[in-house]
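Chains A and B supply the protein sequences, listed in that same order.
When you read off a place in the first sequence, starting at 1, and then add 42, the result is the number in the numbering used here.
When you read off a place in the second sequence, starting at 1, and then add 42, the result is the number in the numbering used here.
Just so you know, these hints were derived from the structure itself, not from any lab.
There's no promise every hint is true.
Note that the list lumps identical chains together, so a pair holds whenever it fits in one copy or between two copies.
[What the hints assert, rightly or not] When the alpha-carbon atoms are kept at most 20 angstroms apart in a straight line, the in silico EDC-like pairs for lysine to aspartate or glutamate are as follows:
id: 1; residue 1: K91; residue 2: D194
id: 2; residue 1: K211; residue 2: D222
id: 3; residue 1: K258; residue 2: D226
Bear in mind that the values here come from a model prediction, so they are computed numbers and not experimental data.
There are 2 protein chains.
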Amino acid sequence: MKIAVLGTGTVGNTIGSRLLELGHEVMMGSRSAQNEKAAAFVANHPGGKAQAGAFADAVAFGEIIFNCTKGDGSIEALRSAENHLAEKVIVDVSNPLDFSRGMPPSLIPSLSNTHSLGEEIQKTFPQAKVVKTLNTMWCGLMVNPNMIGGGDHTNFVCGNDEEAKAKVKSLLQEFGWKSDNLLDLGDITNARGTEAVLPIWLRVWSATQNGAFNFKIIS
Amino acid sequence: MKIAVLGTGTVGNTIGSRLLELGHEVMMGSRSAQNEKAAAFVANHPGGKAQAGAFADAVAFGEIIFNCTKGDGSIEALRSAENHLAEKVIVDVSNPLDFSRGMPPSLIPSLSNTHSLGEEIQKTFPQAKVVKTLNTMWCGLMVNPNMIGGGDHTNFVCGNDEEAKAKVKSLLQEFGWKSDNLLDLGDITNARGTEAVLPIWLRVWSATQNGAFNFKIIS
Chain A
43 MKIAVLGTGT VGNTIGSRLL ELGHEVMMGS RSAQNEKAAA FVANHPGGKA
93 QAGAFADAVA FGEIIFNCTK GDGSIEALRS AENHLAEKVI VDVSNPLDFS
143 RGMPPSLIPS LSNTHSLGEE IQKTFPQAKV VKTLNTMWCG LMVNPNMIGG
193 GDHTNFVCGN DEEAKAKVKS LLQEFGWKSD NLLDLGDITN ARGTEAVLPI
243 WLRVWSATQN GAFNFKIIS
Chain B
43 MKIAVLGTGT VGNTIGSRLL ELGHEVMMGS RSAQNEKAAA FVANHPGGKA
93 QAGAFADAVA FGEIIFNCTK GDGSIEALRS AENHLAEKVI VDVSNPLDFS
143 RGMPPSLIPS LSNTHSLGEE IQKTFPQAKV VKTLNTMWCG LMVNPNMIGG
193 GDHTNFVCGN DEEAKAKVKS LLQEFGWKSD NLLDLGDITN ARGTEAVLPI
243 WLRVWSATQN GAFNFKIIS
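Go ahead and model the full structure; you've got the sequences and the hints to work with.
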C-alpha cells in the first residue's frame with residue numbers, strides 16, 4: 043500500500059521504517075521537500091520504496107496518512123495538504139502536548155477534557171476520515187507490540203468511519219496487534235479519553251524509568 | 043483502627059463495609075448527623091463498630107479519613123471538619139467530575155490538566171496528609187482486587203508524606219492489594235495523572251458495558 047508518514051521525528055521514523063519492512067511504499071512528509079531528516083530516512087532505506095516530500099506531496103501519494111507531527115503543529119501541517127485529503131484515512135497518533143509549563147507536559151487546554159486533537163482534526167478536515175489510535179504508548183511498541191507481555195496489552199481505536207477503522211485495524215494487525223487487543227471505543231469524541239492517557243503515561247514513565255510499557259485492560 | 047468514611051454513596055458504603063469486615067471501627071460522615079443513608083449503614087452493620095455523624099464528628103473520630111464525597115463537594119465537606127484535620131491521613135478516592143455538560147462527564151476545568159482535586163485538598167488543608175489512591179476503578183474492585191485477574195492489576199498511589207503513604211499502602215494490602223501492584227508515582231501533583239484516568243475509564247466502561255475492569259501496567 044502507499045502510505046504517507048507526516049513528521050520526521052522518532053515516531054515518524056519508527057512507523058515509516060516498520061511500514062517499509064512490511065513491504066509498503068512510504069513517503070515521509072515534512073514542511074519542506076528538502077528536509078534533511080526525511081532525506082536521511084530515504085537514504086537509510088535504499089530500494090526505492092522510501093520517498094520524501096512536502097506534506098502535500100506525501101498526502102497526495104498515500105492512501106493512508108499517519109499523522110506523526112507534534113500535536114501543536116498537526117492542524118497547520120495538514121492544512122498545507124488539505125487539497126489532497128478528500129477520502130483519505132488519517133491515522134492520528136499525535137497528542138496535544140503543552141511543554142510551555144515545564145515537565146511533565148500538560149495537555150493544550152483548548153484541546154483537552156471537553157475537546158481533543160483527534161476531534162479538531164476531524165472537524166477541520168471533514169473530507170478526511172480520522173482514526174485515532176496508537177497514541178497511548180511509546181513508538182517502539184506501536185509497531186511491535188510483541189516486544190512486551192506476549193503482545194497482550196490494549197490499543198484503543200476510535201473514529202467516525204467504520205470502513206476507515208477496519209482498514210486501520212488491518213494495518214495494526216500487520217504490526218502485530220491481535221484483534222482482541224484492539225479496543226474500539228466508538229466515534230472520534232473518544233479521543234478525549236485516549237489523549238487523556240498521556241498525563242498518567244508520563245507519570246508512570248517517570249516513576250518506573252521505563253517507556254516500554256503499556257496499559258492492559260483486565261476484567 | 044478507627045477510620046472515618048466521608049460520603050454516604052455507593053463508594054462510601056462499599057469501603058465502609060469492607061473496613062468493618064476487616065475488623066476496623068468506622069464512622070460514616072455526612073453533612074448532617076441525622077443522614078438517613080448513614081443511619082441505614084449503621085443499622086446494616088450491627089455490633090457497635092459502625093457509627094454515623096457529621097463530617098466533623100467522623101474526622102475527629104478517625105485516624106484515617108477516606109474521602110468518598112463527590113469531587114465537586116469534597117473541599118466543602120472537609121472544610122466543615124477542618125478543625126480536626128491536623129495530622130490526619132486523608133485517603134482521597136474522589137474525582138473532580140463535571141456532569142454539567144452531559145454524559146460521559148468531563149473533569150472540572152479548574153481541577154484538571156494543570157491542577158487536580160488531590161492537590162487542591164492538600165493545598166487547602168496543609169495540616170492533613172493527603173494520599174490519592176483507588177480513584178481509577180469501580181469501588182467493588184477498590185476493596186476486593188482479587189475479583190479479577192488474580193488481583194494482578196495496578197493501583198496508583200501518590201502523596202507528599204512517606205509515612206502516610208506507608209500507612210495507606212498497608213491498609214490497601216488488607217483489602218487484598220499486593221505490594222507489587224501498588225505503583226507509587228511520587229508526590230501529590232501526580233494526582234493530575236491519576237484523575238486523568240477517568241476520561242478513558244468512562245469510555246472503556248461504555249464500550250465494554252462492564253465496570254469491573256482495571257488497568258494493568260505491562261512492561
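Here's how the hints hold up against the structure:
{"no.": "1", "hint": "K91 / D194", "result": "neither (31 angstroms within a copy, 44 angstroms between copies)"}
{"no.": "2", "hint": "K211 / D222", "result": "within (11 angstroms within a copy, 33 angstroms between copies)"}
{"no.": "3", "hint": "K258 / D226", "result": "both (14 angstroms within a copy, 18 angstroms between copies)"}
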